[in-house]
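**Q** From just these sequences and the hints, can you work out the full model?
If you read the protein sequences in the order shown, they are chains A and B. Using my numbering, the final residue of the first sequence is 425, and nothing's skipped along the way. Using my numbering, the final residue of the second sequence is 260, and nothing's skipped along the way.
These are calculated hints, taken from the structure and not from any lab test. One or more of the hints may lead you astray.
What the hints assert, rightly or not - Derived lysine to any residue pairs resembling SDA-like cross-links, with alpha carbons at most 20 Å apart:
#, chain 1, residue 1, chain 2, residue 2
1, B, Lys31, A, Lys370
2, B, Lys31, A, Glu36
3, A, Lys140, B, Gly116
4, B, Lys120, A, Asn20
5, B, Lys120, A, Pro393
6, A, Lys140, B, Asn144
7, B, Lys31, A, Pro133
8, A, Lys370, B, Gly116
9, B, Lys137, B, Ile246
10, A, Lys192, A, Ala286
11, B, Lys120, A, Pro133
12, B, Lys78, A, Lys140
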Amino acid sequence: MKVNLDVDLHHIARVEGHGNIKVRVRDGKLKEANWEVVETPRFFEVMLKGKHYTASPLLSSRICGICSIAHCLTSLEATEDAFGITIPDQATKLRLLAKHGETLQSHVLHLFFLAAPDFLRLPSVIPLIATHPELVELAKRLKSIANRLCDLVAGRTTHPVAFCVGGVSMVPDKDKMLGMGDELVRSVEDLKTVVEVFSTFEIPDFVRETEFVSIKGDDDYAFIGREMVSTDGVVRPAAEYLQMTNEYVVGRGTSKWCKLSRESFAVGALARFNNNYEHLRTEASAIAAALGLEPVCHNPFKNNVARVVECVHATLEAIDLIDELTGFGDHGPARAGVVPRAGVGVGVVEAPRGILYHSYEYDADGRVTKADCVIPTTQNHANIQHDLDELVPSFVSETTTDEDLELLCSMLVRSYDPCISCSVH
Amino acid sequence: MKYLGIEPKRPRVAVFDFTSCEGCELQFANKEETLVEFLGSIEIVDFREISSDRSDEYDIAFIEGSITRSDEIERLLKIRERATTLVALGACATFGGVNKLKNAFDSNDANREVYGSRTKETLPARAVHEVVKVDLKIPGCPVNKEEVERIVQHLVWDVPFHFPAYPVCLECKQRYTVCVCDLDCTEVGCETTGQLCLGPITRGGCNAPCPAGGLGCWGCRGPAEDANIESFLAIAKERGFGDREIFERFEFFGGFEGVR
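**A** Written out as structure tokens, the structure is:
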């Protein structure tokens, strides 16, 4: 095959953060396929040192502007684990409700603003305002509900303000919660349209077997938990997270890479689906089946389908949580007392892009002496690289153009919805 | 559409990210109720986070993030040459933001702690105005989309924008938020009568979301005009807050740098 191809994409678009794709094909043979992270390091683990426990969740949330609620909650979980605090039931429910709000806002942002333009061969969502106004209205409605749910429960979508060590610092107004519940019920119809829209998109047919890691749900599709699981059969408690992640520094790029049973693994919506699909709401499983998503799915491009499924699941769960939180009777305290103590704690939360760990060591005054954060996208980088190595040769034909290959490689990277700033932190 | 004889511009806008979390630029895609109208009033020609389109020709460049690597300095200098109006977007661009907290640590030690022997290039974090001339600074962590939208409309209609002179404290009163300084502190062993809050000395315009969520203000918008720092410090100390707690909060977002 006499085909020569070059992709040299500096700062791939429609992802969070800075990454480059470089691919070189000569005479039909792959010479080079590189996924390189060129994000600037921020040294959050160092900046956290010496900080008081009241500052840890505020600083940690600044790791990411899209999944700041996940970072805040993981940070709180780590501190509460270190101090031996059990938070009240009402706080647990409010935090989970905010988590669902974040999953929705992040997934809707990704599906419509970042991913959909690829399937419609457009540079961004902006031209759709003129060509597909109904699609833009749909995205706006869903994104608005998700953002307003986060605002209501977390105080603010980007960098939440209503959570603190011990629980929550604000209980949302009951009438506003009931109104939000009604809106979510009505949004289920819109989600059905999303399913229809995404069923028309042609998802690249590419399969590479890998390992998938997520929180282990005992009887639920877990977003906050204390145990991890992989599709290769590894199960470990939160305290042993380092044996799940095995971070290592690579020469090129500023993010670390991770491995578990194989040379790489994947986290995120597809990983959660592959590990916990039996705990999905019936309506969400039905949509997965209708869209042809079955566990264990090894096509990374199907992350988008898993995101649609999770939007339905998260919406239904949020509706039920609002019912519980606004039901008749006393809901008890929203915040437990806090007594700092020296020790180490680990928090584990499913951020929209996958499993997220924070671990802090505290002194007796409640100040951080050591911090470690392992980010979902950090865990995905090696897997993206190995996907790229196999995707390019399987795709290249006599008629392939540089533009075709650039789009496909970009779609692969975007299917992971990478949060690159996060991964470097 | 002409208004009072003034023809609005439809400025070519670019949004660029440096060392940051990209949460400020994300606000451009939020506030869905006016999103279509907002995007229609400007022409977005380069905005990597949401579009594959690229352009070197723009009137307004929004810069998110602080500057911490040499390649970022080169990139920023080029943007400065091309843009008529350069706007620092958010606390990191305006003050250096939380990124400046790393400047308190030895850079080599920090590098080795995170990367071991395979260290990566990094410089002390700087605000955008410490590297190039900045025409407008929009503070906040994150920025408030309503305020950004108002500022952009002022640029579109070519009229000067004025930030509120009053502090965050007034905005709490306007939205009937119970003062976090008066709330009984629920922390066990806490001897203060309420939370520390920089609301009385921090520039307003955010609509005070933090105290409404039960969190005292951390000063992400920097000092209000004519903020009475001396009096604030006296009251904070009288209420039992120590120097360390107060000054750690002053330095958190970088806006109160040098204020003592």
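**Q** Would the pair lysine 137 of chain B and isoleucine 246 of chain B pass a check requiring their Cα atoms to be no farther apart than 20 Å?
**A** Judged against 20 Å, a Cα distance of about 25 Å means the pair is violated.
**Q** Need the status of pair lysine 140 of chain A, glycine 116 of chain B: alpha-carbon distance at most 20 Å?
**A** Status violated; Cα separation ~45 Å.
**Q** Given the hint that lysine 120 of chain B pairs with proline 393 of chain A, does the C-alpha gap stay at or below 20 Å?
**A** Answer violated: lysine 120 of chain B to proline 393 of chain A is near 32 Å, above 20 Å.
**Q** Hint check: lysine 120 of chain B vs proline 133 of chain A, CA-CA at most 20 Å. Holds or violated?
**A** At roughly 45 Å apart (the allowed maximum being 20 Å), proline 133 of chain A and lysine 120 of chain B break the hint.
**Q** Could you grab the alpha-carbon distance between lysine 120 of chain B and asparagine 20 of chain A and see if it respects the 20 Å cut-off?
**A** Judged against 20 Å, a Cα distance of about 17 Å means the pair holds.
**Q** Are the Cα atoms of lysine 192 of chain A and alanine 286 of chain A separated by 20 Å or less?
**A** Distance of about 12 Å is within 20 Å: holds.
**Q** Keeping to a limit of 20 Å between CA atoms, is the pair of lysine 78 of chain B and lysine 140 of chain A held or broken?
**A** Roughly 35 Å separates the two Cα atoms, so the pair is violated.
**Q** Keeping to a limit of 20 Å between CA atoms, is the pair of lysine 140 of chain A and asparagine 144 of chain B held or broken?
**A** Holds, at roughly 19 Å.
**Q** Has the given pair, lysine 370 of chain A with glycine 116 of chain B, been kept, meaning a C-alpha gap of at most 20 Å?
**A** Status holds; Cα separation ~15 Å.
**Q** Can you confirm whether the C-alpha distance between lysine 31 of chain B and glutamate 36 of chain A stays at or below 20 Å?
**A** violated, 33 Å
**Q** Keeping to a limit of 20 Å between CA atoms, is the pair of lysine 31 of chain B and proline 133 of chain A held or broken?
**A** Roughly 17 Å between the alpha carbons, so the hint for lysine 31 of chain B and proline 133 of chain A holds.
**Q** Would you check the hint for lysine 31 of chain B and lysine 370 of chain A, treating anything up to 20 Å between C-alpha atoms as holding?
**A** violated, 38 Å
Hints 1, 2, 3, 5, 9, 11 and 12, counting from the list given before, are not met by this structure.
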